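Q: As they're listed, the protein sequences go chains A and B. Take the first sequence: its position 256, counting from 1, is numbered 256 in our numbering, and each next residue is one higher. Take the second sequence: its position 280, counting from 1, is numbered 280 in our numbering, and each next residue is one higher.
Hints are computed from structural coordinates only; laboratory data are not their basis. Just to be clear, a hint being listed does not mean it is correct.
Claimed, not checked - Examples of chain A residues toward chain B, derived with CB under 8 Å: (1) LYS54; (2) HIS147; (3) ILE157.
As the list claims (entries may be wrong) - Some chain A residues close to chain B (C-beta under 8 Å, calculated; not the full set): (4) LEU149; (5) HIS151; (6) GLY274.
Keep in mind it's a predicted model, so treat the numbers as computed, not measured. All C-beta atoms in this analysis are idealised placements derived from N, C-alpha and C, irrespective of residue type, glycine included.
Okay, here's what each chain looks like letter by letter:
2 protein chains.
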Amino acid sequence: MEYFGGIEAGGTKFVCMVANGPQDILAETRFPTTTPQETIGRAIEFFRQHQRLKAMGVACFGPVDLNPASPTYGFITTTPKPGWPNTDVAGMLRAALDVPVAFDTDVNGAALAEYTWGAAQGCDPALYLTIGTGIGGGCLINGLPMHGLVHPEMGHIRLAHDWQADPYGGFCPYHGDCFEGLAAGPAMKLRWGQPAETLPADHPGWELEAHYIALALSDLVCTLSPKRIVLGGGVFEHPGLIERVRVRVQELLNGYVQSPVILKHIDEYIVRPGLGNRAGVLGAIALALNLKF
Amino acid sequence: MEYFGGIEAGGTKFVCMVANGPQDILAETRFPTTTPQETIGRAIEFFRQHQRLKAMGVACFGPVDLNPASPTYGFITTTPKPGWPNTDVAGMLRAALDVPVAFDTDVNGAALAEYTWGAAQGCDPALYLTIGTGIGGGCLINGLPMHGLVHPEMGHIRLAHDWQADPYGGFCPYHGDCFEGLAAGPAMKLRWGQPAETLPADHPGWELEAHYIALALSDLVCTLSPKRIVLGGGVFEHPGLIERVRVRVQELLNGYVQSPVILKHIDEYIVRPGLGNRAGVLGAIALALNLKF
Numbered sequence: 001m002e003y004f005g006g007i008e009a010g011g012t013k014f015v016c017m018v019a020n021g022p023q024d025i026l027a028e029t030r031f032p033t034t035t036p037q038e039t040i041g042r043a044i045e046f047f048r049q050h051q052r053l054k055a056m057g058v059a060c061f062g063p064v065d066l067n068p069a070s071p072t073y074g075f076i077t078t079t080p081k082p083g084w085p086n087t088d089v090a091g092m093l094r095a096a097l098d099v100p101v102a103f104d105t106d107v108n109g110a111a112l113a114e115y116t117w118g119a120a121q122g123c124d125p126a127l128y129l130t131i132g133t134g135i136g137g138g139c140l141i142n143g144l145p146m147h148g149l150v151h152p153e154m155g156h157i158r159l160a161h162d163w164q165a166d167p168y169g170g171f172c173p174y175h176g177d178c179f180e181g182l183a184a185g186p187a188m189k190l191r192w193g194q195p196a197e198t199l200p201a202d203h204p205g206w207e208l209e210a211h212y213i214a215l216a217l218s219d220l221v222c223t224l225s226p227k228r229i230v231l232g233g234g235v236f237e238h239p240g241l242i243e244r245v246r247v248r249v250q251e252l253l254n255g256y257v258q259s260p261v262i263l264k265h266i267d268e269y270i271v272r273p274g275l276g277n278r279a280g281v282l283g284a285i286a287l288a289l290n291l292k293f
Numbered sequence: 001m002e003y004f005g006g007i008e009a010g011g012t013k014f015v016c017m018v019a020n021g022p023q024d025i026l027a028e029t030r031f032p033t034t035t036p037q038e039t040i041g042r043a044i045e046f047f048r049q050h051q052r053l054k055a056m057g058v059a060c061f062g063p064v065d066l067n068p069a070s071p072t073y074g075f076i077t078t079t080p081k082p083g084w085p086n087t088d089v090a091g092m093l094r095a096a097l098d099v100p101v102a103f104d105t106d107v108n109g110a111a112l113a114e115y116t117w118g119a120a121q122g123c124d125p126a127l128y129l130t131i132g133t134g135i136g137g138g139c140l141i142n143g144l145p146m147h148g149l150v151h152p153e154m155g156h157i158r159l160a161h162d163w164q165a166d167p168y169g170g171f172c173p174y175h176g177d178c179f180e181g182l183a184a185g186p187a188m189k190l191r192w193g194q195p196a197e198t199l200p201a202d203h204p205g206w207e208l209e210a211h212y213i214a215l216a217l218s219d220l221v222c223t224l225s226p227k228r229i230v231l232g233g234g235v236f237e238h239p240g241l242i243e244r245v246r247v248r249v250q251e252l253l254n255g256y257v258q259s260p261v262i263l264k265h266i267d268e269y270i271v272r273p274g275l276g277n278r279a280g281v282l283g284a285i286a287l288a289l290n291l292k293f
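Please take these sequences and the hints and turn them into a complete structure.
A: Given below as structure tokens:
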């Protein structure tokens, strides 16, 4: 039996897996992200313990270079994470393991995995959005992950920001009050003076968070017209948040997008990942499976 | 020689063409949009004068139903235009002319035409945005026009709106101050009390218009990562507007999207249509050419 290797390369941790899909996982490990040499070295060591792999996929934090014609294809490019700018992630793995390596963003991987096995099966376009320390979005569209000039940076769209209702200016060093600047974990902590997970259930911060997420989703609905939206990230562990987001998306679209799933079945339209916290690493496996041999 | 038929079905006028592309146009006509019966009837009459067509394409104003599995596929659905809601545009043509009919939004057609023959050749994803009486966007991505749950409605994304700088609340009946509500032709007229084309070159309305268009474009760059953006619509006849938009997009992205075409060659990135005012009807021809036989 042939197996595929997958790495969810995150800024905080790496998750490595040998599998053919969620129902056929041979091995899995996770370890903290330290230096590129050490972290990618541990991944290589893990995969060497297993039988020869048919191919590997990497679903990577970014920004990354996804242009196959570029000399820095497969690199992490300009990340603020110390030690990691200009790291040839795909090249190091290919050289050490001698297998084809598919490479994409973490969120494109997660979108592909949720489309292939998870909560967005049969839904093209499928949008995956994650909200945590940062905010990122990936999309499966016309059968493939969405790339382009670079890759989507959905966390950096500008939202309508009512400065009177919310005087907090956002923490994004590039844009201040973009989506990430207003709604990622650090924004909640800086605005309210305490981490999101310690805010009580009736704290107004949750309504505001739902509002910002819904504003972004209504823009993404108008731009991408996804058939399903999968929301990943720790913030949705908060009871009631996704429900508030759904109601607010309906309010913001205000009946304009005439689709029964938005007007009547929004709980089937805006959903949590079907693959839980394995969406990322299974995305890497899916990227490897999608390679043409 | 076999030819294809194309209709740019607009809310104001219909443009009909028999062609194989921009270099091989056999016939072309345009007439005002009146009732569906009369307008589609005139189109049918025009195409009947010409030799038998291999296929037809319709690039249509909307909202439209693009789901081939739907009983109302090929219909204009909920348009506010009197007489036109629930009109089976594709079906009427197919019945009268007995040819395969490809059907898409006007802006997806234009995106496809600009990608095939115009200013976005070789650029996938290619974004086409038009700003006139309304605002609409289409996109060619992974080789195909972008559809989804319905179709993109890029004119209805919410922009950051500084109410102190611009107290005008927007004219969109659904969303008030969405992109279309703030920046389409009627918004300029209502805000300043005179039509856009009569505003002097140094009127502050032009800087504000550039700002709103650039806000939308920077969001679309972060969401779709297009390789080129083609801007259609009468408003860009105004000298200097597209140049202001380019500068403002760079300011808003603020160096975050690390691509030479954004940082250094934005005049090659944000461009006017290569096909001029024929992008729409040639889009219809391109849709017909793309049909699988």
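Q: Compare the structure with each hint and give your call.
A: Status of each hint after checking the structure:
no.: 1; hint: LYS54; in the structure: 25 Å, violated
no.: 2; hint: HIS147; in the structure: 7 Å, holds
no.: 3; hint: ILE157; in the structure: 4 Å, holds
no.: 4; hint: LEU149; in the structure: 5 Å, holds
no.: 5; hint: HIS151; in the structure: 6 Å, holds
no.: 6; hint: GLY274; in the structure: 19 Å, violated
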